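Dock chain P against the given chain W, drawing on the hints supplied.
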Amino acid sequence: MTATIPRSAAPTAEKQGPVTDDAGERPSRIRSLLKRPSFVISVLIIVWWVVAALGWQIVGLEPYAKTGDLLASPDWAHPFGTDNLGRDMFARVVAGAGPALLVGPLGALLATVVGGTLGLVAGYYRGAVDTLMMRFFDVILALPSLIFLIVLVGAFGISTAALILIVGILFAPGIARIIRAATLVEMGKSYVTAAKLQGEKDSRILFRELLPNILPTLVIQATLSLAAAVFITASLSFLGLGEQPPSADWGLAINENRIYLQTAWWTVVFPAIGVASLVVAANLIADNIREVSR
Amino acid sequence: MINTRSRHRHRHRAVRLALAASVASFALVLSACSSSGSASPSSSSAAAGGTYTIGVSEPTSTIDPETVSASGAMLIVGLASEGLISQDSKGTLEPRLASSWAASSDGLTWTITLRDGLKFSNGDPLGAADVVATFNSITGPDSQSAGASSFEGVLKSVAAGSTPNTVVFTLDSPFSDFPYLLTGSNTTIQPASYKQGTNWIDNPVGAGQFLLQKYTPGQSVTYIKNPDYWDAADVKLSAITVNFYADEQAQLLAFQSGEIDQINDSATVASTLNLADYRQTAPSYTHFDGLFFDVTQAPFDDVSVRQAVAWALDRKAIVQSVYGGQATVANDNEYFPNFSVQPTGIPQRDQDLDKVKQLLGGKTVKFTITTSTDHKTLAEVVQQQLNAIPGFDVDIQVLTSAQYYADGSSTPWLNAPVTITDWAQRLPSQFVNLIFKSGAVWNASKYSNPQLENLSSQYDAAAAAPEKQTLANQIATIENNDVAAIVPAFATGSSVLQKSVQGDFAAPLDFPGGFDFRGISNSK
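One line per chain: the protein sequences are W and P, in this order. Residues 1 to 294 (the working numbering) make up the first sequence, in order. Residues 295 to 818 (the working numbering) make up the second sequence, in order.
Some hints could be false.
Claimed, not checked - Straight line, CA to CA, 20 angstroms or less: simulated EDC-like cross-link-like pairs of lysine to aspartate or glutamate: (1) P/LYS793 - P/ASP608; (2) P/LYS660 - P/ASP596; (3) P/LYS530 - P/ASP382; (4) P/LYS793 - P/ASP571; (5) W/LYS66 - P/ASP646; (6) P/LYS649 - P/ASP687; (7) P/LYS610 - W/ASP69; (8) P/LYS740 - P/ASP687; (9) W/LYS66 - P/ASP436; (10) P/LYS489 - P/ASP418; (11) P/LYS740 - P/ASP596; (12) P/LYS670 - P/ASP608; (13) W/LYS66 - P/ASP644; (14) P/LYS610 - P/ASP646; (15) W/LYS66 - P/ASP608; (16) P/LYS657 - P/ASP687; (17) W/LYS66 - P/ASP689; (18) P/LYS670 - P/ASP687.
Said to hold, decoys possible - Away from chain W, derived, C-beta distances all over 10 angstroms, residues of chain P: (19) PHE414; (20) VAL426; (21) THR464; (22) ILE518; (23) PRO521; (24) ALA561; (25) THR566; (26) ALA576; (27) ILE640; (28) GLN642; (29) LYS657; (30) THR671; (31) THR694; (32) LEU708.
Said to hold, decoys possible - Computed list of chain W residues with no C-beta within reach of chain P, every gap over 12 angstroms: (33) ARG31; (34) ALA52; (35) GLY60; (36) TYR64; (37) PHE90; (38) GLY98; (39) LEU101; (40) VAL129.
If you're looking for bench data, these hints aren't it; they were derived computationally from the structure. The structure displayed is predicted, hence computed values, not measured ones. Ideal placement from N, C-alpha and C gives every residue a C-beta, glycine not left out.
Looking at chain W on its own, in the form it has when it is part of the complex (with noise of 0.2 angstroms):
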């Protein structure tokens, strides 16, 4: 990341507001952050949900095998229960993670790209593209957010791939809106227009001096759009345009066993809580860095 004054010949003056993330205040708000409990927590959280979905294969861990009786309630063999099928409850939460932290992820990923490059670009050249752009976001934005997905896995499919395009197309105008309103605000620096006087070429000034200005912003936008992505891909899942059987995935083993509910509650309750723990320390962790960036 960059100096968002490279420039010798941008006045002192003019750092200051937002223009606040040199060597000095970055540590700064690192040592602020870990300071914080809820982001340590969350941050362990999201760390053990990575560790869970690359690593369950390593320990030995069966999701799809019998390895019980058909709905055991937990004991010490499988703390979490068995399914209907006599599958560890446990391993099977453990594995759905990988589900959960491939489709969100990379879809929030790739929303922050696209998003926060219109967004950008939108912001820096404003008039007909930025009219443009921002009346068709306005119209994705318009439309229910679930019903306007269900359209889209019926255009796309459900494979990987097609649901990571889906979530990224879903999420990028909330990010492109955000980030060009943040990207307005800086363009009315001083350090903008003396980029501008230099003669630095439109994608310098776009990807090395504004971006890294509203990089916190995008941060933070990039972080809600996980937890949200996670979400809507728990809910694609339970509706049964996600993961398929035999998979893990947390919405897709909540939807098989809610008839179970009564009887069976771990079946349910634990893949719950999967879904809950990576979508509140995601959005924790989005709060945090809001808080220490102001």
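For chain P alone, coordinates are given in the frame of chain W:
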């Protein structure tokens, strides 16, 4: 300012924590919301035998008695219309609109005699012309009726008999079990003026035990007793209500609350309800879920591979985990256990890993099972069992019913290399004609065996029990050895009833049983 911001942060975090609680209850809320059926409250019990309330999924297509295939739509039609013959829970033929039936000496014609004084619900008499018109419509060249398949290659013509109230069915070849075909789907008798493709709900005329009074889309169908029914004295209920529910969970909750009077028994229902608090109907065989192999494609062109899969399955575990014990282990033939002739001398297949190893000869077989969401549990269990055995690498592809049974020549259920499809109970020879005969439209296995077809024809023509037994043994042996399809279990169906329901159902509430409510009352 700091305090304000701090309060704001605390408030913000409180919102997050509230979100945590909200998301943690994600499943519970979704489950509850999805269970909110659209049914109206059941009607209060009327006089006489009371009102009986049933829950079904709402039909999504036009309700036409000659083409309906969804169970809910069949019930809606079946309560208000009736066929010539039905089967009781043991598979015995019961006269309904027909009072008797007899075959000619050469077995090529069957004469059906109708009861006297039959009437449709609009007051018109029901006679031979209506029966002839109904069967001509079902089996006509432009028919869209699923029931037509039962008569293909069997029924040559149908005509009014020489005496009043008789109908003569002329066959292509002798068929000793022909009356069973008259209990098939889409065979309720309609007025001669009825045109296939009509939306029957707009003018629900029939000769059934009840009169359709009101159809409210998204909610329910109400019926009252048909006073002109030929056996009205034995129909005790004064009314029936059919409520629509979104899914099984919604039906289960409606049953627990007493909103509906019966629910189909299943593994989930059995695990949720304390069955001692309710009544149960006697189980009867309903269908099998077959695993069909395309025998023209590798690796299933090798019979050893098909046999290896058959010997690898733990059928008893399938009966428990897939059917919740509501099934009987099967032996890869299509003779339902309640059928009068049972093959003998063929050892029952059970999991034998040594035999699997020998049959596979050290190779690993990799394949994908394609099926619809209705059979995903069986697909998952088969995958689970096979992948636990060295030599198998099995994946599954679960499609929606619409995708799996899609129209067109490339429909997955007839083209995927390995499929799981359910088949309702039929005569054994019907299965040969429909799913194993060379060139048959529904032959998902692409199987062909002239010897099997010849034996099946002989079986149909045979009248003597010993001859039928010998032929059944030969047919089942071929099916068992060739394994064009694995039949792991014959599923049974039964209903759980509220204790207020009195009397015993003669047959399950399905089309072979003729939706028979005689003798049933409800004290609720």
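Tested hints:
Proposed proximity of P/LYS793 and P/ASP608 is contradicted: the alpha carbons are some 36 angstroms apart, above 20 angstroms. For the hint linking P/LYS660 to P/ASP596, the alpha-carbon distance of about 14 angstroms falls within 20 angstroms, and the restraint holds. Between P/LYS530 and P/ASP382 the CA atoms are separated by roughly 19 angstroms; this keeps the pair inside 20 angstroms, and the hint holds. Note on P/LYS793 and P/ASP571: the hinted pairing holds, with a Cα-Cα distance of about 8 angstroms set against a maximum of 20 angstroms.
Our distance criterion of 20 angstroms between C-alpha atoms is met by W/LYS66 and P/ASP646, whose separation comes to about 18 angstroms. Distance hint between P/LYS649 and P/ASP687 is fulfilled; the C-alpha atoms sit about 18 angstroms from each other, no more than 20 angstroms. Between P/LYS610 and W/ASP69 the CA atoms are separated by roughly 14 angstroms; this keeps the pair inside 20 angstroms, and the hint holds. A threshold of 20 angstroms between alpha carbons decides the hint, and for P/LYS740 with P/ASP687 the separation of about 23 angstroms lies outside it, so the pair is violated.
At roughly 49 angstroms between alpha-carbon atoms, W/LYS66 and P/ASP436 are farther apart than 20 angstroms, so this suggested pair is violated. For the hint pairing P/LYS489 with P/ASP418, the CA-to-CA distance comes to about 17 angstroms; that is within 20 angstroms, so the pair holds. Our distance criterion of 20 angstroms between C-alpha atoms is met by P/LYS740 and P/ASP596, whose separation comes to about 14 angstroms. Distance hint between P/LYS670 and P/ASP608 is fulfilled; the C-alpha atoms sit about 17 angstroms from each other, no more than 20 angstroms.
Under the criterion of a C-alpha separation no larger than 20 angstroms, the hint pairing W/LYS66 with P/ASP644 is consistent with the structure, at around 18 angstroms. This hinted pair checks out: P/LYS610 and P/ASP646 have alpha carbons roughly 13 angstroms apart, not beyond 20 angstroms. Straight-line distance between C-alpha atoms of W/LYS66 and P/ASP608 comes to about 12 angstroms, which keeps the hinted pair within the 20 angstroms bound. A distance of roughly 11 angstroms separates the Cα atoms of P/LYS657 and P/ASP687; the hinted pair therefore holds under the 20 angstroms criterion.
Our distance criterion of 20 angstroms between C-alpha atoms is met by W/LYS66 and P/ASP689, whose separation comes to about 16 angstroms. With a CA separation close to 18 angstroms, the supplied pair P/LYS670 and P/ASP687 stays within the 20 angstroms bound. With 10 angstroms as the threshold on Cβ separation, the claim that P/PHE414 sits away from chain W holds: the shortest Cβ distance comes to roughly 41 angstroms. No beta-carbon of chain W is positioned within 10 angstroms of the beta-carbon of P/VAL426; the least distance is around 45 angstroms.
With a closest Cβ-Cβ approach of about 48 angstroms to chain W, P/THR464 is found to remain outside the 10 angstroms limit, as its non-interface label requires. With 10 angstroms as the threshold on Cβ separation, the claim that P/ILE518 sits away from chain W holds: the shortest Cβ distance comes to roughly 34 angstroms. For P/PRO521, the requirement that its beta carbon stay farther than 10 angstroms from each beta carbon of chain W is met, with the minimum near 41 angstroms. For P/ALA561, the non-interface assignment is contradicted: its Cβ lies about 7 angstroms from the closest Cβ of chain W, within the 10 angstroms cut-off.
P/THR566, annotated as away from the interface, has a beta carbon of chain W within 10 angstroms; the closest lies near 5 angstroms. Every beta carbon of chain W lies more than 10 angstroms from that of P/ALA576, the smallest distance being close to 25 angstroms; the non-interface claim holds. The beta carbon of P/ILE640 is kept farther than 10 angstroms from every beta carbon of chain W, the shortest such distance being approximately 28 angstroms. With a closest Cβ-Cβ approach of about 22 angstroms to chain W, P/GLN642 is found to remain outside the 10 angstroms limit, as its non-interface label requires.
For P/LYS657, the requirement that its beta carbon stay farther than 10 angstroms from each beta carbon of chain W is met, with the minimum near 22 angstroms. The non-interface label for P/THR671 is inconsistent with chain W: the shortest C-beta to C-beta separation is roughly 7 angstroms, within 10 angstroms. With a minimum CB-CB distance of about 7 angstroms to chain W, P/THR694 fails to clear the 10 angstroms threshold, and the non-interface call is violated. Every beta carbon of chain W lies more than 10 angstroms from that of P/LEU708, the smallest distance being close to 21 angstroms; the non-interface claim holds.
Every Cβ of chain P is farther than 12 angstroms from the Cβ of W/ARG31; the closest lies at roughly 18 angstroms, confirming the non-interface assignment. Under the 12 angstroms C-beta cut-off, the non-interface status given to W/ALA52 relative to chain P holds; the minimum distance is some 18 angstroms. No beta-carbon of chain P comes within 12 angstroms of the beta-carbon of W/GLY60; the shortest separation is about 15 angstroms. Distance check for W/TYR64 against chain P: the nearest CB is about 6 angstroms away, which does not clear 12 angstroms, and the non-interface claim fails.
Annotated as non-interface, W/PHE90 keeps its C-beta farther than 12 angstroms from every C-beta of chain P; the closest such distance is 17 angstroms. Look at W/GLY98: its CB is around 16 angstroms from the nearest CB on chain P, clear of 12 angstroms, so calling it non-interface holds up. No beta-carbon of chain P is positioned within 12 angstroms of the beta-carbon of W/LEU101; the least distance is around 16 angstroms. Every C-beta of chain P lies more than 12 angstroms from that of W/VAL129, the closest at about 35 angstroms, which supports listing it as non-interface.
Hints 1, 8, 9, 24, 25, 30, 31 and 36, counting from the list given before, are not met by this structure.
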